[in-house]
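Chemist: Working from the sequences, and respecting the hints, build out all of it.
Read top to bottom, the protein sequences are chains A and Z. Numbering-wise (my numbering), the first sequence opens with residue 1 and increments by one. Numbering-wise (my numbering), the second sequence opens with residue 1001 and increments by one.
Calculated directly from the structure, the hints in this document are not laboratory data. Please note that the accuracy of each hint is not assured.
[Unchecked claim] In silico negatives: residues of chain Z with every beta carbon more than 12 Å from chain A:
hint, residue
1, Ile1012
2, Thr1020
3, Ser1048
4, Lys1057
5, Ser1080
6, Glu1082
7, Gly1084
8, Arg1110
9, Leu1114
[Stated by the list, open to error] Restraint ranges, calculated between C-beta atoms of paired labels, are given here:
hint, chain 1, residue 1, chain 2, residue 2, range
10, A, His77, Z, Gly1084, 22 to 30 Å
11, A, Ser9, Z, Ser1080, 32 to 40 Å
12, A, His40, Z, Gly1084, 32 to 40 Å
13, Z, Glu1051, A, Leu80, 35 to 43 Å
14, Z, Ala1001, A, Ala13, 44 to 52 Å
15, A, Leu80, Z, Pro1027, 29 to 37 Å
16, Z, Tyr1100, A, Thr65, 19 to 27 Å
17, A, Met111, Z, Arg1028, 22 to 30 Å
For every residue, glycine included, the Cβ atom is placed at its ideal position computed from N, Cα and C.
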Amino acid sequence: DAKTTQPTSMDCAEGRAANLPCNHSTISGNEYVYWYRQIHSQGPQYIIHGLKNNETNEMASLIITEDRKSSTLILPHATLRDTAVYYCIVRVAGGNNAGNMLTFGGGTRLMVKP
Amino acid sequence: AAGVIQSPRHLIKEKRETATLKCYPIPRHDTVYWYQQGPGQDPQFLISFYEKMQSDKGSIPDRFSAQQFSDYHSELNMSSLELGDSALYFCASSLRLAAYNEQFFGPGTRLTVL
Chain A
1 DAKTTQPTSM
11 DCAEGRAANL
21 PCNHSTISGN
31 EYVYWYRQIH
41 SQGPQYIIHG
51 LKNNETNEMA
61 SLIITEDRKS
71 STLILPHATL
81 RDTAVYYCIV
91 RVAGGNNAGN
101 MLTFGGGTRL
111 MVKP
Chain Z
1001 AAGVIQSPRH
1011 LIKEKRETAT
1021 LKCYPIPRHD
1031 TVYWYQQGPG
1041 QDPQFLISFY
1051 EKMQSDKGSI
1061 PDRFSAQQFS
1071 DYHSELNMSS
1081 LELGDSALYF
1091 CASSLRLAAY
1101 NEQFFGPGTR
1111 LTVL
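Modeler: Written out as structure tokens, the structure reads:
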């Protein structure tokens, strides 16, 4: 899996948008960008993923740059319950692939403040 | 919707004892992953199974073994427990041939070795 770089921590005011950046300059053409988050001591939770197009679901939006070397996860209206560690993970998706494990490392600790 | 079930949720053992952790994947999921998360650390991949066969192996100590049974549940067996084995152990499941292979995590088992 390609290496990713994220800020160690970020703060966000409740009700405002949280923009979490991720650099993945060595991403390969067949690798997707996945985002997971882990609320304190709970199991990691899948948020969203994308290949090259921007994606949106009920939880967040994912903006991927045209060269795919970086991306931004956007939580449009952050709440206190969004306080968590957010992990950006690059991996090959789907199919009968070995190596489908997730490699967690260097996530961003997002603190949403009242 | 049914989620990944892990049991027990908490386990306290003495050094050199054995422990067995159980994981029940989401129905129809054929792949199970085990992750270990030490205090203040990121989750680390241990081992995975697909259709009851070992698929990938990560940083799993030789003292640990695991298997996936015919009903797709999995067990992680840990012997000669050490203080350093104290951690959260997460199980995740996925459908291998699903388009994007998202992993869904259980609530974890907190193992404390005294």
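Chemist: Could you run down the list of hints and mark each one as holding or not?
Modeler: These are the hints, each one checked on the structure:
1. Ile1012: 16 Å, holds
2. Thr1020: 19 Å, holds
3. Ser1048: 6 Å, violated
4. Lys1057: 9 Å, violated
5. Ser1080: Non-interface label on Ser1080 of chain Z holds, nearest chain A Cβ at 25 Å vs cutoff 12 Å.
6. Glu1082: Glu1082 of chain Z is indeed farther than 12 Å from all Cβ atoms of chain A, at 21 Å.
7. Gly1084: At roughly 19 Å from the nearest Cβ of chain A, Gly1084 of chain Z sits farther out than 12 Å, so the non-interface label holds.
8. Arg1110: 8 Å, violated
9. Leu1114: 20 Å, holds
10. A:His77 <-> Z:Gly1084: 22 to 30 Å: 41 Å, violated
11. A:Ser9 <-> Z:Ser1080: 32 to 40 Å: Given about 37 Å between the Cβ atoms, the range holds.
12. A:His40 <-> Z:Gly1084: 32 to 40 Å: Distance hint for His40 of chain A, Gly1084 of chain Z is violated at roughly 22 Å.
13. Z:Glu1051 <-> A:Leu80: 35 to 43 Å: 42 Å, holds
14. Z:Ala1001 <-> A:Ala13: 44 to 52 Å: At 32 Å between Cβs, range violated.
15. A:Leu80 <-> Z:Pro1027: 29 to 37 Å: Since Leu80 of chain A and Pro1027 of chain Z have Cβ atoms about 33 Å apart, the given range 29 to 37 Å holds.
16. Z:Tyr1100 <-> A:Thr65: 19 to 27 Å: 20 Å, holds
17. A:Met111 <-> Z:Arg1028: 22 to 30 Å: 37 Å Cβ-Cβ, so the 22 to 30 Å window is violated.
Violation of the numbered hints given earlier is confined to hints 3, 4, 8, 10, 12, 14 and 17; the remaining hints are satisfied by the structure.
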